[in-house]
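K.L.:
Given next are the chains, with one letter for each unit.
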Amino acid sequence: MMHLPFLPRPIALHIPDGFLSLPVAITFWLISIVFINMAIRKTRGQFGERQIPLMGIMAAFIFAAQMINFPVAGGTSGHLLGGALAAIVLGPWAGMLVMVTVVSVQALIFQDGGLVVMGANIFNMGLLTTLVGYGLYRGAANRSRKFQLGTAGFAAWMSVMAGALLTAFQLWLSGTSPLRIVFPAMLSVHFLIGLGEAFITVAALTFIFQTRPDILSDVQSQGGRGWILTGALITLAVLLISPFASGNPDGLERVAMNLNFIQRGAEAPFQILPDYTIPALGETGLSTIIAGGAGILVVAGLTMGIIWLIRKPRHIES
Amino acid sequence: MHINSFDHYQTHESVIHRLDARVKIILTIILIISNALLPDGAWTAFMLTWGLVLGASLLAKIQFLFLATRSLVVMPFALAAITVIFSIPGHALGTIQLGNWQVVVTEPGLLRFASIMIRSWVSVQMAILLTATTTTPDLIHAMRHLRVPDILVATISFMYRYLFVLSDEALRLLRAREARSAALDNQRKHHTKLRWRIKVAGNMAGQLFIRSYERSERVYNAMLARGYQGTLQTLNPHEMKTKDWMMGSIVILALVLLQIITHR
Amino acid sequence: MPIVHQSKPQDQISAQGPEFEGALLTIDQLSYSYPDGHQALHEITLQIPRGEKAAIVGPNGAGKSTLMLHLNGIIQGQGEICVDGLPVVKDNLPIIRGKVGLVFQNPDDQLFSPTVFEDVAFGPLHMGLPEEKIFIHVEEALNQVGMREYAERLSHHLSVGEKKRIAIATVLAMKPEILVLDEPSAGLDPRARRSLITLLQEMPITMLISTHDMGLVAELLPRMIIMDQGHIVADGPTDGLLADEDLLEQHGLERP
Numbered sequence: 001m002m003h004l005p006f007l008p009r010p011i012a013l014h015i016p017d018g019f020l021s022l023p024v025a026i027t028f029w030l031i032s033i034v035f036i037n038m039a040i041r042k043t044r045g046q047f048g049e050r051q052i053p054l055m056g057i058m059a060a061f062i063f064a065a066q067m068i069n070f071p072v073a074g075g076t077s078g079h080l081l082g083g084a085l086a087a088i089v090l091g092p093w094a095g096m097l098v099m100v101t102v103v104s105v106q107a108l109i110f111q112d113g114g115l116v117v118m119g120a121n122i123f124n125m126g127l128l129t130t131l132v133g134y135g136l137y138r139g140a141a142n143r144s145r146k147f148q149l150g151t152a153g154f155a156a157w158m159s160v161m162a163g164a165l166l167t168a169f170q171l172w173l174s175g176t177s178p179l180r181i182v183f184p185a186m187l188s189v190h191f192l193i194g195l196g197e198a199f200i201t202v203a204a205l206t207f208i209f210q211t212r213p214d215i216l217s218d219v220q221s222q223g224g225r226g227w228i229l230t231g232a233l234i235t236l237a238v239l240l241i242s243p244f245a246s247g248n249p250d251g252l253e254r255v256a257m258n259l260n261f262i263q264r265g266a267e268a269p270f271q272i273l274p275d276y277t278i279p280a281l282g283e284t285g286l287s288t289i290i291a292g293g294a295g296i297l298v299v300a301g302l303t304m305g306i307i308w309l310i311r312k313p314r315h316i317e318s
Numbered sequence: 001m002h003i004n005s006f007d008h009y010q011t012h013e014s015v016i017h018r019l020d021a022r023v024k025i026i027l028t029i030i031l032i033i034s035n036a037l038l039p040d041g042a043w044t045a046f047m048l049t050w051g052l053v054l055g056a057s058l059l060a061k062i063q064f065l066f067l068a069t070r071s072l073v074v075m076p077f078a079l080a081a082i083t084v085i086f087s088i089p090g091h092a093l094g095t096i097q098l099g100n101w102q103v104v105v106t107e108p109g110l111l112r113f114a115s116i117m118i119r120s121w122v123s124v125q126m127a128i129l130l131t132a133t134t135t136t137p138d139l140i141h142a143m144r145h146l147r148v149p150d151i152l153v154a155t156i157s158f159m160y161r162y163l164f165v166l167s168d169e170a171l172r173l174l175r176a177r178e179a180r181s182a183a184l185d186n187q188r189k190h191h192t193k194l195r196w197r198i199k200v201a202g203n204m205a206g207q208l209f210i211r212s213y214e215r216s217e218r219v220y221n222a223m224l225a226r227g228y229q230g231t232l233q234t235l236n237p238h239e240m241k242t243k244d245w246m247m248g249s250i251v252i253l254a255l256v257l258l259q260i261i262t263h264r
Numbered sequence: 001m002p003i004v005h006q007s008k009p010q011d012q013i014s015a016q017g018p019e020f021e022g023a024l025l026t027i028d029q030l031s032y033s034y035p036d037g038h039q040a041l042h043e044i045t046l047q048i049p050r051g052e053k054a055a056i057v058g059p060n061g062a063g064k065s066t067l068m069l070h071l072n073g074i075i076q077g078q079g080e081i082c083v084d085g086l087p088v089v090k091d092n093l094p095i096i097r098g099k100v101g102l103v104f105q106n107p108d109d110q111l112f113s114p115t116v117f118e119d120v121a122f123g124p125l126h127m128g129l130p131e132e133k134i135f136i137h138v139e140e141a142l143n144q145v146g147m148r149e150y151a152e153r154l155s156h157h158l159s160v161g162e163k164k165r166i167a168i169a170t171v172l173a174m175k176p177e178i179l180v181l182d183e184p185s186a187g188l189d190p191r192a193r194r195s196l197i198t199l200l201q202e203m204p205i206t207m208l209i210s211t212h213d214m215g216l217v218a219e220l221l222p223r224m225i226i227m228d229q230g231h232i233v234a235d236g237p238t239d240g241l242l243a244d245e246d247l248l249e250q251h252g253l254e255r256p
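Residue numbers (this note's numbering), protein chains in the order written: chain A, 1 to 318; chain B, 1 to 264; chain C, 1 to 256.
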C-alpha cells in the first residue's frame, strides 16, 4: 500500500492558510484568475480535442515527477518542482494550466498548501515559474542544442528563485515574517533547490531531445518576443531585488511604507550583523552587499539545519 | 492498487458525508476566511471555531488523532513565521542566547506568532475535514457547479485518475534504481559522481514524461472509440436539498455572529 | 434525480437500423503506412459474419493493433471498411463507433474516469442517449460482466482482472454489434484469465480478438486469422491451423 500524502516534495513554497493576510491572498487570487482565463483561451486551439486528456495526464506526470529525487549530500536531495519543464515541453499556456491543476489538486486532496491562499500558491509555483521559465527558454530558440539546454537550466533555476522571492514578499506583506530574515532565508534555501531543479530539468530535456525530439519541436517557436521580454524582465527584477532586499531590507521597507503597502512596520529589536555592515569596511555599498551575503549564508545554514532536523520521514510502502 | 489515507474515511456514512459537496466547499472557504479576519489574540473566537471543526469531525466519525497528525503538514511552514517572535517591538518577555547573539522574545511578537499558527492549524483541519468526508469525484463535480471553468475541472479529473497510475510508474523507476545501485558495493555507491546521479534522475523524469505523453495519445484514442467529439459531457448526481441549505446557512450565520462579537 | 450536463444537445445516434444482410464487418484491400513511411498493413481483405468469434494472431509488429484502430476510424488508411453495411468514413464515425466496441489492451488507458460509473456511462453519454437510457445501459453492461456492485468504486482501487471486466463493460454499454478486444488476457493471473474466458464464452455477440494467448484462441474462437508483417498469411478454422505446425513456427506462434 502506498500513502501518497507523505511523499517527499518541495515544501517551502506551498503556503498554508493562515500565513497570508486576506488582502494579499485575494489580490493574488484575482491576478491568477486573469492568467488562468487567458491560458484557457490561448490553449483552446493548441492541441485540439486531445487537449483535455493530454493536460490532465501531464499534470499527473508533474505530480509523479516531483517524487523523483537525486541524493546530493548529507541526507539532502534534489527535487523537481516542474514549472519550467512543463512550460518548455508543452508551451507556456498549456504549461500554466497543467501547473495550476497540480497546485490545486495538491491543496484540495493533500492539503499541500492552503485553499484561500491557493491563488498565491498558483501564481508563485504555477504561473510565475512558467512565465519566466518559458520566457528565458524562448530566447534560445533557433540556437544550438547545447545553448538551449543551458538556457533551460538557467530558466529552471530562475523560476524557482522568482517563486521564492515572491513567496517571501507575500509573507512579509502579510506581516508573517520580517523582511530582513525571510528574504535572505527563502532566497538562499531556494538558491540550492533551484540548482536541483535546473539539473533535473536539463537532464530530463536531454533525454527527451534524444528519444522524442518531435514532441519538443511543436512547442519550440510558440509565442513571440513578448515572452522573451517577460522572461527577461522577471529575471532582471529577481537579480536586482534579491541583493537589495537581502542587503538593505530597511530601504525596501521604507519604500513599502511610503507606498502604504504595510501597516505593520516590523522593526527588529535584535541584529544578526549590526546594521548589515562589516565594521572594518565602514558604511559602504560594498560592505552592505557582503554583509547581506554573509547573512544569507548564516540563515541558510540555520534553516537547512532545522529543515534537516524536522524533515518528514518517507513512508513509501508497497 | 493504492490506498490514499483519505479513502478510508470518505466511504463512511454520516450527516457530514451526506452534506452536498458544494456546501462543504463553500463552508470550508468561509471558515478559513473567517479565521483570517479574526484579529490576533482573539483566543475565544479561535477556540469556538476550532470547536466547530472538532464537532463536525466528531459527527463525521473522524478520529481526532488522524486530524491532529494530518494537520501537522503546516508545521514546517512555522519556520517562516517564527521570527516574528523576536522582531515585533514591544514588552520584552525574556532573551534567548544563540551563540554570540541575543534575541529578545516580545509579547506582541509571541501573540502574533501564536495567532498565525492557530489560524493556520484550525484552517487546515477544516480542509482535512472537507477531503475526508467528500469523495474526490464528488469534489470535482462540485467544482463544476461552482463555476470552475470546464477545462480545468476536466483536467483535474484526468489528473486525479492518472495520479496513481503515474506515481506507480515513478515508484517502479525509483525501485529499479535502488535495485541497481544496491548491486554496487557500498564503497562505490558513495563515490558515484553527482553528475551521474543527476543524469539518472533526469533520465527517469524524461522517461516518465515520454510514457505519459504516449499514454495521453492512447487515452485519447480510447475516448474517441467511445464517441468523444471534443466536448466532454458529464452526468451529475448532485442536487441541493433543504437540509443542505439549512446546514450551510446555520454555519455561515454562526461565523458572521462570531465576527461581529469579536470585532465589537 | 440526476441532472445531465450536456453542453450542446446532440442528435441521438440510432444504432438500430434495418438489419443488414451481408457480413457484419468487411475489409477490402486495406493498406496503411505510418507518417514515417513504414508500411503497417498491406491490402488486407477480410470478412466477419454476424455472430462469429474470430482471433487475430501473429508476432508483435504484425499490424494487429493498427488494423483494430482502423475498424472504428481512429486511423484511416486506403481501402474500404464497412460495418453493418456502413462505410467507415468521417460522416459515419459517430454511428460506427457505437457499433464497434473497441477495448484497448491496457485497462488503465481504457478507464480514464475517476469512478466506474462515469467510465461505463461515458460511451452512451457521448452517443447522446437520454439520461434514463444511460442509467439502464450502464446497469445492464455492469450486469453482463458481473460487476454490478462496482458502480461507485474508484478505478484506481480495482485489480487488473476487475479493470478488464469494467473495460469490456464500458463498450457493452454502447450496445455494439461487434466487440473488438486487444490482448484481453494479458497481465491476468490464471484465475482471472479463466473467469474472463468464461465471460466471453457466454456472450452471444460477434467478436474479433487480437491475442498471443493461443489457449484462449483454441478454447474460445473457432476462426483464426494469422497476420505477419502487415499481411494476412492464413485465415481458417482454428483447429486446422493449429494442426499445421510448420505454419505456426514460421510466424512465431506456438500450439497451446
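Simulated from the structure, these hints should not be mistaken for lab results.
Be aware that a few hints might be false.
[As the list claims (entries may be wrong)] In silico contact screen, one side only, chain B against chain C (beta carbon under 10 Å); selected entries:
| no. | residue |
| --- | --- |
| 1 | Asp7 |
| 2 | Trp43 |
| 3 | Thr44 |
| 4 | Leu48 |
| 5 | Trp50 |
| 6 | Ile140 |
| 7 | Tyr160 |
| 8 | Val165 |
| 9 | Arg218 |
[What the hints assert, rightly or not] Keeping only pairs whose Cα atoms sit at most 20 Å apart, straight-line, the calculated EDC-like set for lysine to aspartate or glutamate is:
| no. | chain 1 | residue 1 | chain 2 | residue 2 |
| --- | --- | --- | --- | --- |
| 10 | B | Lys199 | B | Glu169 |
| 11 | A | Lys42 | B | Glu169 |
| 12 | C | Lys175 | C | Glu140 |
| 13 | C | Lys90 | A | Glu49 |
Backbone N, C-alpha and C define an ideal beta-carbon position, used for all residues, glycine too.
K.L.:
Does each hint fit the structure? Answer for all of them.
P.N.:
The hints, checked one at a time:
| no. | hint | in the structure |
| --- | --- | --- |
| 1 | Asp7 | 7 Å, holds |
| 2 | Trp43 | 41 Å, violated |
| 3 | Thr44 | 41 Å, violated |
| 4 | Leu48 | 36 Å, violated |
| 5 | Trp50 | 31 Å, violated |
| 6 | Ile140 | 7 Å, holds |
| 7 | Tyr160 | 6 Å, holds |
| 8 | Val165 | 5 Å, holds |
| 9 | Arg218 | 4 Å, holds |
| 10 | Lys199/B / Glu169/B | 18 Å, holds |
| 11 | Lys42/A / Glu169/B | 31 Å, violated |
| 12 | Lys175/C / Glu140/C | 10 Å, holds |
| 13 | Lys90/C / Glu49/A | 16 Å, holds |
The structure shown violates the earlier hints numbered 2, 3, 4, 5, 11.
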